[in-house]
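J.: The chain contents come next:
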Amino acid sequence: MNAVVLGAQRALQRVLRPRLLAALGFGLLACVLSAALERKLSPVGAVDRALLRGSFGILLPLVGYVAFSRILRDGGMDALLRPISRHGASGRALWIGVAAVLLAMMTIVGTMFAGATVLCARTLDDPALLADLPRSSSVGALAGIAYGAWLILGSSLGRAGGGRKWLLLLDLALGVSASALAPFCLRPHVASLLGGEPLLEQSPMEATVLLVASTLFALLAARSRVAD
Amino acid sequence: MTELALDEIADDRLGPLTIRCGVGLTVLVADQRATLGRLLDIAAGARRPRRGRASLDGEDLYTSPEARRKLGALLAEEALPPRASVRESAQLALALRKPGADAEALLVEWGLGPLLGANPERLRAEQRRAVALCLALATPHAAALVLCDPLALASLLDPARIRDACWRAATRAVVVVGTTALEDAAALGGELELILRGRLAEAGPYARGLAHEALVRSGHSAQLAELLRADPDLEVSFDAARCPRELFVRGATQARICERVLEVVRQEGLALDALSPIMRLGALP
Chain A
1 MNAVVLGAQR ALQRVLRPRL LAALGFGLLA CVLSAALERK LSPVGAVDRA
51 LLRGSFGILL PLVGYVAFSR ILRDGGMDAL LRPISRHGAS GRALWIGVAA
101 VLLAMMTIVG TMFAGATVLC ARTLDDPALL ADLPRSSSVG ALAGIAYGAW
151 LILGSSLGRA GGGRKWLLLL DLALGVSASA LAPFCLRPHV ASLLGGEPLL
201 EQSPMEATVL LVASTLFALL AARSRVAD
Chain B
1001 MTELALDEIA DDRLGPLTIR CGVGLTVLVA DQRATLGRLL DIAAGARRPR
1051 RGRASLDGED LYTSPEARRK LGALLAEEAL PPRASVRESA QLALALRKPG
1101 ADAEALLVEW GLGPLLGANP ERLRAEQRRA VALCLALATP HAAALVLCDP
1151 LALASLLDPA RIRDACWRAA TRAVVVVGTT ALEDAAALGG ELELILRGRL
1201 AEAGPYARGL AHEALVRSGH SAQLAELLRA DPDLEVSFDA ARCPRELFVR
1251 GATQARICER VLEVVRQEGL ALDALSPIMR LGALP
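These protein sequence lines are chains A and B, in that order. Note that the numbering used here has the first sequence beginning at 1, numbered continuously upward. Note that the numbering used here has the second sequence beginning at 1001, numbered continuously upward.
Everything labelled a hint here was simulated from the structure, so no lab data went into it. Beta carbons are placed, not taken as given, at the ideal position from N, Cα and C, and that holds for glycine. Any given hint might turn out to be false.
Claimed, not checked - Dumping the calculated SDA-like pairs for lysine to any residue here, alpha-carbon to alpha-carbon at most 25 Å: (1) B:1098 with A:112; (2) B:1098 with A:227; (3) A:165 with B:1012; (4) A:165 with B:1098; (5) B:1098 with A:79; (6) B:1098 with A:5.
To be verified - Stretches of chain B that chain A covers, calculated by requiring three or more beta carbons in the stretch to come under 8 Å of a beta carbon on chain A: (7) 1051-1065; (8) 1075-1087.
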């Protein structure tokens, strides 16, 4: 059987576990509650606050981290791939299948978090809803892919994939300040695309390009660490 | 000539050590179970060592799927390929090496038929290892087998059959068996390497402290002493009056002493309580 398909099956088997789906469901519920709370506090700017602070400031990275820890059973990518690759399957082909499923999962999570937040932070009769929903969802999808790629890279660093934690902590610590390292983090670009203050006055197009470049860099770096 | 080479391997509390094994049966006897497990994981290409490399005929086992396909392995802790049942899991493992191989017939032949329908993740560790051993021994065109404590599976698989399978494979492939049980090393025979505190007994820093002498404790000490004295390469001290159950054996190397003692014990069917390399504590680093 094709090793890419085997890798995808291996990852899907872990993603479709009830406990993981429940964790993702809780994340979605938290997005909804945070958006509803923001709207109740003040309807003006509720969407921006809910997206920037709750859904994408904390929940997406946190839920992504929890999901990866459950899928990889607190181990690294290698621990997931070795039971198959030791029988002669190509480790890199397996990795492609696993990475594709994990990125797809994070894309769906990002899209749903953004969609649910916008729907709950705006009222249904809000004229801006129709325009905001697809725009925020597409940014959510891009943010999901970007965080997914970083988590995949983090999972291939350290003996038991401990790099995940450090990459997210770096993103949290450096991404909120206007430090020289902020452009290398995901947080300011995602915030800029969601309507937050742009980093170094960059345009949305520049923020998108930087997010895509960061995603590609993380995936290539992660792949280079996988043994065939 | 087929060769399994562990070059300058170093990992947690392991090595650096270099072992080269050719076609035939090599038994690694280690004093620490965790160290042995790590070493065999590396030798099977299932773990990347901190330093050094494991290779089969020059091909790195960790990075080359082709090399791993030619190697069958039983690890200290086994995880079968993820599938709904043992039947499917074993079929997948075999199919990755040789499409069309029949895993069900293989497991039934070894007496593991009742496990076929079970979920591999719900098996006991010993059952998973038993399935993995059957798969390893059935590796098509195997150039090497790396087996961790196969005789410890005696409650599930016939030990005599395991031993025969190892020896049969050893006629054409490199077979490396690791164990911490001297009785198992005695039952298997083959060339012996001793690993003490993660290093080869003859090569690590502890080698300086090792006298080329071993203490043998057995209920058949007198008979054993007599048989070992027949070997011109060994020097045997046995005092029946003072220590009726102990004898001291000197030889060229620790490994050769142990190999010879275990061979005699196996051939004559004698009981062996202990076989311990002797350290001169003052000479230790």
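J.: Hint by hint, note whether the structure agrees.
T.: Verification of the supplied hints:
no., hint, in the structure
1, B:1098 with A:112, "violated, 43 Å"
2, B:1098 with A:227, "holds, 22 Å"
3, A:165 with B:1012, "holds, 23 Å"
4, A:165 with B:1098, "violated, 40 Å"
5, B:1098 with A:79, "holds, 24 Å"
6, B:1098 with A:5, "holds, 18 Å"
7, 1051-1065, "holds (count 4)"
8, 1075-1087, "holds (count 4)"
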